[in-house]
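Trainee: What follows is each chain in one-letter form.
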Amino acid sequence: MSAGEGPLNVLLSGGDPAAEAGWLDRPPRMGFFTDTSVCIGCKACEVACKEWNDVPEDGLNWSGRSLDNSGGLGADTWRHVAFVEQRVKAGWHEPNFQREDGDEFRWLMSSDVCKHCTDAACLDVCPTGAIFRTEFGTVVVQADVCNGCGYCVPACPYGVLDRREGDGRIFKCTLCYDRLKDGQEPACAKACPTDSIKFGELDELRVQAGERVQELHAAGVTEARLYGEDPADGVGGDGAFFLLLDEPEVYGLPPDPVVTTRDLGSMWRHVGVAAGALVAGALASFVAGARR
Amino acid sequence: MSGNGDRATAAGATAPVAGATGRGAAGSNGGPPTASAGYYGDPVVNPPVWRELDIAGYLFTGGLSGATALLAAGADLTGRPVLARRAKLCASGAIALSLGALVKDLGRPLRFLNMLRVFKPTSPMSVGVWLLVGYAPLTMAAAASNVTGVLPRLGRAAGLGAAALAPGVASYTAALIADTAVPAWHEAHRELPFVFVSSAAAAGGGFALIAAPLHETRPARHLALMGAAGELVAERLLHRRLGMVAEAYERGSAGRRLKTAQALEAAGAVGVVALAGRSRVGAALSGAALVAGAVLTRFGIFAAGMASARDPKHTIEPQRERAAARARQAL
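Protein chains in written order, with my numbering: chain A, 1 to 292; chain B, 293 to 623.
Hints are not guaranteed to be accurate.
Taking lysine to any residue pairs in the SDA-like style, the calculated list, with each CA pair at most 20 Å apart, reads [said to hold, decoys possible]:
hint	chain 1	residue 1	chain 2	residue 2
1	A	K89	B	P324
2	A	K89	A	G220
3	B	K396	A	W23
4	B	K551	B	R532
5	B	K396	A	R164
6	B	K396	A	K198
7	A	K198	A	G220
8	B	K396	A	D144
9	B	K551	B	R572
10	A	K89	B	R532
11	B	K396	A	K89
12	A	K89	B	T326
13	A	K181	A	N61
14	B	K396	A	G183
None of these hints come from the bench; they were simulated from the model.
Here the structure is a predicted model, which is why all the values come from computation and not from measurement.
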């Protein structure tokens, strides 16, 4: 899989990560646009993902947090439906849902997933080359190579990757690499009953998303905004981006993520100067200590 | 499910119980999601899965090994035979422990060699593993030759080779932990290398004060003093520049460890100045304080990173400020 291990990935960031990773003959970059304004929180995506990818159960817990019992993305949760209950006025709701005490209430739902970043920190820091860039521009962990070092886990600015207990390796969404190779859409998008999860060519999805935001703004839903669609953001744009109805933090998303390797040059420079200081210190110690 | 236990306690998160049992765990029921508390107070980034004893221990032993490899080479070149031998033994023993901890901490230890499929400059872990693959055998050859007397010239050359790589071994781990989305580590990427080489120097000097006879320890005393002073200064700078994220280094077990470490480094430095030149016991005690301080420094920095990763505020607030500053500039 040498084609996908572009070590200079971060230095060459741009809009076509598959090309930068060395894929010559490649399909267009594919991705997800998750429009949370039509998510009904059915979790068909979570179930379809588990079924197709043979992902183990992620804990049979009652969290007490609305209807969310899977908690967040991890080794055994590759799609996660967030449930946000807020005591604020909903943009629109059924008149007979009006509470008698006048208390306002709204419910936001959003299906989270690996962002398949243009500048992917997990891929940059992976020391085995287990994580690679596919021809579709997506980011995949090869289970037969991963040795479970865990470096990608804290490297990801979104908290997507995690180590599977009892297995030791790292797992995350593959954007159904196997289905893509057969011209099929990913299992979650296929199962989504409201088309909240849209799969397609990333360029087209960005156009669709822009139109959808305008449509919602025109309908009075002024809080609608896109998240992760901008190629100029700190990760070079997400391959899986979102339409949200509140600040990203509310959904557990970082407001301004930056790929950690963007500062790698500065890190190595400071390490170099510090290492030089240690050498100088040791030399000085022996020179000054020459007298016994 | 992974990490229900170890994802505990988002320190100071506004959601009262949310962090207490981890994400998705039974009974967690914090306040509603808000822009400041995040999603029920859950961490935004996934905290490292590294075990503290393995990886914090690795940060320490790597530093100790690097500094003692430098001392060993210097002792060799300046005719300090006892210091040379014991420092070589320490450098090789400490790096053997390092490698053992690295392999043990893998989810699949038998696949350690997969690290050697590729060399990736974007991965400090890859760079570090290749560094260790060169460094560890050199320290071991140097120690073995010194102890057995076999191939003395090659042994000394191996020791000098190890000393050439030692500064990298003692410092690269700062890039290793800084090259993550853990706020307290990433934001400290300018200062951590200096904290690490200083604490390495203090540990190596401290070891020499314990292990070598008084008449051979003069350079080690200088190195130990520089290390202790450097560590105190670098940590001060780190606290000053980090803003709200600095609290990770001040609170909880990280804060307790780092405060104790600073006290031990200061006490060790005073001991070095006052006693270590005259009294064998005084030297050993000062050295022990410095080594213990260096251990606590590494374990404190490790704990600070874990606490910072678990606290959604550490991820959210600096990012919001950054985005707001950018928006202001655009206007």
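Trainee: All hints are to be evaluated individually against the structure, with a verdict given for each.
Mentor: Structure-based check of each hint:
no.: 1; hint: A:K89 / B:P324; verdict: holds, 14 Å
no.: 2; hint: A:K89 / A:G220; verdict: holds, 13 Å
no.: 3; hint: B:K396 / A:W23; verdict: violated, 36 Å
no.: 4; hint: B:K551 / B:R532; verdict: holds, 16 Å
no.: 5; hint: B:K396 / A:R164; verdict: holds, 16 Å
no.: 6; hint: B:K396 / A:K198; verdict: violated, 42 Å
no.: 7; hint: A:K198 / A:G220; verdict: violated, 23 Å
no.: 8; hint: B:K396 / A:D144; verdict: holds, 19 Å
no.: 9; hint: B:K551 / B:R572; verdict: violated, 27 Å
no.: 10; hint: A:K89 / B:R532; verdict: violated, 42 Å
no.: 11; hint: B:K396 / A:K89; verdict: violated, 53 Å
no.: 12; hint: A:K89 / B:T326; verdict: holds, 14 Å
no.: 13; hint: A:K181 / A:N61; verdict: violated, 35 Å
no.: 14; hint: B:K396 / A:G183; verdict: violated, 41 Å
Checked against the numbered hints listed earlier, the structure breaks hints 3, 6, 7, 9, 10, 11, 13 and 14; every other hint is satisfied.
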